[in-house]
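Enquirer: Chain residues, written in single-letter form:
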Amino acid sequence: MTGSARLHPQASASLLADYTVQPGVADELFAPDGAIRPVWVPFMNQLARLSPEDIAAHFTRGDQYLRDAGVFYRQYSADPQQERDWPLSHIPVILHEDEWSEICAGLSQRADLLERVVADLYGAANLVRDGHLPPDLVAQNPEWHRPLVGVTPASGHFLHFLAFEIGRSPDGSWLVLGDRTQAPSGAGFALENRMATARIFPEPFPRANIRRLAGFFRAFRNAMDALPGADGRRTAILTPGPGNDTYFEHTYIARYLGLVLLEGEDLIVQNGAVQVRTVSGPQPVGVLWRRLDAAYADPLELNQNSQIGTPGLVDAIRQSNVNMVNALGSGILETRAFMAFLPKIAEVLLGEPLQLPNIATWWCGQPSERAYVKENADQMLIGQALSRALPFDIGADAALAGAFRGGQDQPLDAWIDANAAGLVGQEAVTLSTTPAWSDGRLVPRPMTVRVMAARTPQGWTFLPGGYARIGRSDDATALPMQQGGSVADVWVMRDHPVPEETLFDPGNFRREDIGALPSRAADNLYWLGRYVERTEGAIRLLRAYHQRLAEAGNAADTRLTRIADLLGGLSIDVNLPLQAALEPALGAARICAGKVRDRFSVDGWAALADLTSSLQALSGTLRPGDDCARALGVLLRKITGFNGLVHENMHRTSGWRFLTFGRAIERADGAAAVLLAFAGDEIAPGLPDVALEYGDSNITHQRRYRIDPTPDTVTDLMVLDANNPRAVLFQLTAMRRIAQDLPSAEVEGRVSPVLRALLPLEAGLVVADPADITADRLVDLRRALSDISGRLAAAYLV
Amino acid sequence: MRYDIRLSIGNDYGAPSDHARTLVRLLPSDLPGRQIVSSRLLTVDPVPNERYETTDFFGNAATVLVFHAPIDRIDLTLRARVERLLQPSILDLSPDLAGLAAELAAHRSLGPGAPHHYTGPSPRIAPDPAITDFARSVVPPGSTALQAVETLGQALHAQMRFDAEATDVDTTPSEAFANRHGVCQDFSHVMIAGLRALGVPAGYVSGFLRTVPPPGQPRLEGADAMHAWVSAWCGAENGWVEYDPTNACTVNQDHITVACGRDYSDVSPVRGTLRTSGEQDSHQKVDVVPL
Chain A
10 MTGSARLHPQ ASASLLADYT VQPGVADELF APDGAIRPVW VPFMNQLARL SPEDIAAHFT
70 RGDQYLRDAG VFYRQYSADP QQERDWPLSH IPVILHEDEW SEICAGLSQR ADLLERVVAD
130 LYGAANLVRD GHLPPDLVAQ NPEWHRPLVG VTPASGHFLH FLAFEIGRSP DGSWLVLGDR
190 TQAPSGAGFA LENRMATARI FPEPFPRANI RRLAGFFRAF RNAMDALPGA DGRRTAILTP
250 GPGNDTYFEH TYIARYLGLV LLEGEDLIVQ NGAVQVRTVS GPQPVGVLWR RLDAAYADPL
310 ELNQNSQIGT PGLVDAIRQS NVNMVNALGS GILETRAFMA FLPKIAEVLL GEPLQLPNIA
370 TWWCGQPSER AYVKENADQM LIGQALSRAL PFDIGADAAL AGAFRGGQDQ PLDAWIDANA
430 AGLVGQEAVT LSTTPAWSDG RLVPRPMTVR VMAARTPQGW TFLPGGYARI GRSDDATALP
490 MQQGGSVADV WVMRDHPVPE ETLFDPGNFR REDIGALPSR AADNLYWLGR YVERTEGAIR
550 LLRAYHQRLA EAGNAADTRL TRIADLLGGL SIDVNLPLQA ALEPALGAAR ICAGKVRDRF
610 SVDGWAALAD LTSSLQALSG TLRPGDDCAR ALGVLLRKIT GFNGLVHENM HRTSGWRFLT
670 FGRAIERADG AAAVLLAFAG DEIAPGLPDV ALEYGDSNIT HQRRYRIDPT PDTVTDLMVL
730 DANNPRAVLF QLTAMRRIAQ DLPSAEVEGR VSPVLRALLP LEAGLVVADP ADITADRLVD
790 LRRALSDISG RLAAAYLV
Chain B
1131 MRYDIRLSIG NDYGAPSDHA RTLVRLLPSD LPGRQIVSSR LLTVDPVPNE RYETTDFFGN
1191 AATVLVFHAP IDRIDLTLRA RVERLLQPSI LDLSPDLAGL AAELAAHRSL GPGAPHHYTG
1251 PSPRIAPDPA ITDFARSVVP PGSTALQAVE TLGQALHAQM RFDAEATDVD TTPSEAFANR
1311 HGVCQDFSHV MIAGLRALGV PAGYVSGFLR TVPPPGQPRL EGADAMHAWV SAWCGAENGW
1371 VEYDPTNACT VNQDHITVAC GRDYSDVSPV RGTLRTSGEQ DSHQKVDVVP L
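Residue numbers (the working numbering), protein chains in the order written: chain A, 10 to 807; chain B, 1131 to 1421.
The set of hints was computed from the structure by calculation and includes no laboratory data. Predicted model only: the values in this text are computed from it and were never measured. Don't take each hint at face value.
Claimed, not checked - Restraint ranges, calculated between C-beta atoms of paired labels, are given here: (1) A/238 <-> B/1179: 19 to 25 Å; (2) B/1291 <-> A/381: 47 to 53 Å; (3) A/313 <-> B/1185: 16 to 22 Å; (4) B/1142 <-> A/352: 25 to 31 Å.
Said to hold, decoys possible - Computed, partial: chain B to chain A, Cβ under 10 Å: (5) 1183; (6) 1198; (7) 1202; (8) 1203; (9) 1244; (10) 1245; (11) 1248; (12) 1273; (13) 1297; (14) 1401.
What the hints assert, rightly or not - Footprint (simulated), chain B over chain A, 3 or more residues, beta carbon under 8 Å: (15) 110 to 121; (16) 148 to 156.
Where a beta carbon is used, it is the ideal one built from N, C-alpha and C, also for glycine.
Please model the complete structure; the sequences and the hints are all you need to start from.
Expert: This is the structure in structure tokens:
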């Protein structure tokens, strides 16, 4: 920042009135001499010009953005589906580019060092032979995977994407607190942090001087595409699935970078090659950016109990047929105890000291180190040597400043002696503080910065900012999000405006082949289509019941009990609260949608979430009759909104085809089921109305037949009408058209098994008269639809 | 002593399973000074689409089988001719347990034979307080490593009852020890847990026993199926010593080695992954005939 920048008087007067930097603590906003750091001045002045109401409104804008975008993380808890809103701390952390460049230079050296270390641990093991690393820290390490020993990665490198957790120590220098080498998260969240702060602080200055994030992602995607053997094969993100705490980020990055998102069961290994099962058959995969811990990647050779791996993946890696980002086994570098040996190893392997020191660490397996840890326990964090948690992620089996975090009944020294080789001592670092917003003012909170690094042909490149963790109190151990900390954007500022960046190479237009749809995604889309349609059908039938109840005013009316019975036959219990009646189908739809979140728009997801929350918001005190009918009307409009968003806006790729096929088959089956239930021999007066209402066809019926509904007119309209989108025939025709567009619809003059079943069914209805549609015919029709569903699954979905 | 070995082992699956991939560890290998394999042949039915031989981290021969079409059963047959060489009786040059720790610390290697792989918990063997207490109670302080191995092995043999029906392949060492019964896998897992608790690196060996005993000697337990025993590191001088807790004997010419590892999970003879929901049924038959 130029020296001309001065702090607006308002800033110090109100915003900083309570901002007191504690003695012995470094601060991001204030230099040690008490002066505000120049890099913060433009931002603080901007903030000072806003009224408290404006600031609150700006923050709300950012939060609203995050909610609309669906950003969440999962809290590991008793309820595995619990999602938490992204805990954005609205005030960014601001660092000058010169300081940032120094950090990156140090981390670049560290990244190279880590590559050398992991190559040695899976290669010659000279570090152990020469006494630079104790053998037990490797041999007992759950992240040292023996099946990978002696395997050189296809790309020649183990590490491609890293994150470093860094903090500022009291003397102002930076310190590495942890290396994230397994499957680092944060890059996608950094992007969302930036999108949110761009809405909170939209003014062009100081925005224009903040380094952009997109270039990093472009460089990394190009680097992955350039890996050996990646050409012509797919680059994919391998996720553990929707249960993972950072699943949102996996879907987000997949969408952002245009990569396919896969789970272990999407992949098969044949003839040593990794292939993705798609609706067009197996297709080769060249690069897997894995977000899955190595142990779970291959149940045949790694953790046998893994349900989310791919049998044979290790074999394919051994045969150099797939690039892993990062190599399986890289997670060993996250081991806490390694911090004790890396400074020396740097000198051995690189011939130079670490440019950026890591947190001082002593392994208690060495006698003199153990003695030192015992003597200085009051200034240390003592924890598990093989833990891969960050220093401030303190478990119950650890001691901070001489006291156990959990209830331990033995003296500290005895505990250290008894578990020596399993323990490390780490200097209890006092982290720097940075401004956070609390009750209308700025307060200092401890923070760490996460720096993302990617390997490119030109060397390591770094994501300039985007992600800092902020403590919720002065306690530096309350940093992790799981304990209520928050996350802030990090702005790396230049003295002059930076050029715009985008994800795309300028002027380099090409239409990418998006590749065939993975079978599992197709399966989920198909069932999403079915369950949403099933939910809609249930809403319509329930509404028909409650409307009649409102008219009759008496649930014991025989007409109503008859309808209730018939609905019961369709597995709809009118006596259940609406929530309980609709949740099974809607919940199933939500689970399917959650598994293909990368495949439909943010708006579509939001519409489904809105439907769910509307259903959950229905109180149990809704009175049967009018109350319920009205609530169901609202739900009906919302579900139609979801259908509209998806069907109007979704690209006509095979994903859309499976979703739509699912909707069509469910609708055809639903109509047949309702007719079957309502068109029995003894038709109660008025019952055909319900069928028409289910089919949304009352008005058409009135216009066309000009008589009260009879079984024949209802059948004509609901089964045989090729122009009524609620009719069975209409849906069969829609299904047939889709089936003709699916892969292998016709092979050497033979139509696919799906079409073979569909064509005669459709033709049969085209030439049928209402009188032909007996109850038996409807039963056969339903059986045929179930058979078609099975044929579709066998041909495309497994 | 030379043997003809014939093993048939198979699995029936309730429903056809898709994309089966199987890792087989059944082929015995040459062991310098201990074992010479003059022939070995593994046949697989149905014939897999892919089959290749590899060597795993611990040096065991492993066969990878891949089936591209669904299968509803797999049958494996091994025929091998193996010579076991007579081992001289062991002269106890092992250090006491404190000395063993020092020798262990001085051993700087991560190679397959390094004792460091065998000191801590492994996938199937977690530390167990009851086994630890038992091991400490039967092995007197000041014992050499070799004495500790033999003392613990004999004590377990005396305490635990061989029962082919009481446990299965997934029984944990804690359960087997608590009930004081099991098969060779259980005896071995419990002994390994006990040795590791004493600071003696210990691993798991799978293999075969001669089916028919020499004249005048009792038939050994565990000869109808594949067998398992323990390998323990007794210091730099004695190195790895093998002990069979199921029969309370050191391993010599009656045992034929197939594979070794940290516990059963490293050597399981047929490790497969199937996408199947059906029940599995497996059978095994072994003949080890001296020539």
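Enquirer: Each hint should be assessed against the structure and marked as holding or not.
Expert: Hints versus structure:
no.: 1; hint: A/238 <-> B/1179: 19 to 25 Å; verdict: holds, 23 Å
no.: 2; hint: B/1291 <-> A/381: 47 to 53 Å; verdict: holds, 50 Å
no.: 3; hint: A/313 <-> B/1185: 16 to 22 Å; verdict: holds, 20 Å
no.: 4; hint: B/1142 <-> A/352: 25 to 31 Å; verdict: violated, 58 Å
no.: 5; hint: 1183; verdict: violated, 12 Å
no.: 6; hint: 1198; verdict: holds, 6 Å
no.: 7; hint: 1202; verdict: violated, 17 Å
no.: 8; hint: 1203; verdict: violated, 18 Å
no.: 9; hint: 1244; verdict: holds, 7 Å
no.: 10; hint: 1245; verdict: holds, 9 Å
no.: 11; hint: 1248; verdict: holds, 8 Å
no.: 12; hint: 1273; verdict: violated, 21 Å
no.: 13; hint: 1297; verdict: violated, 18 Å
no.: 14; hint: 1401; verdict: holds, 6 Å
no.: 15; hint: 110 to 121; verdict: violated (count 0)
no.: 16; hint: 148 to 156; verdict: holds (count 4)
In summary, the numbered hints that this structure violates are 4, 5, 7, 8, 12, 13, 15.
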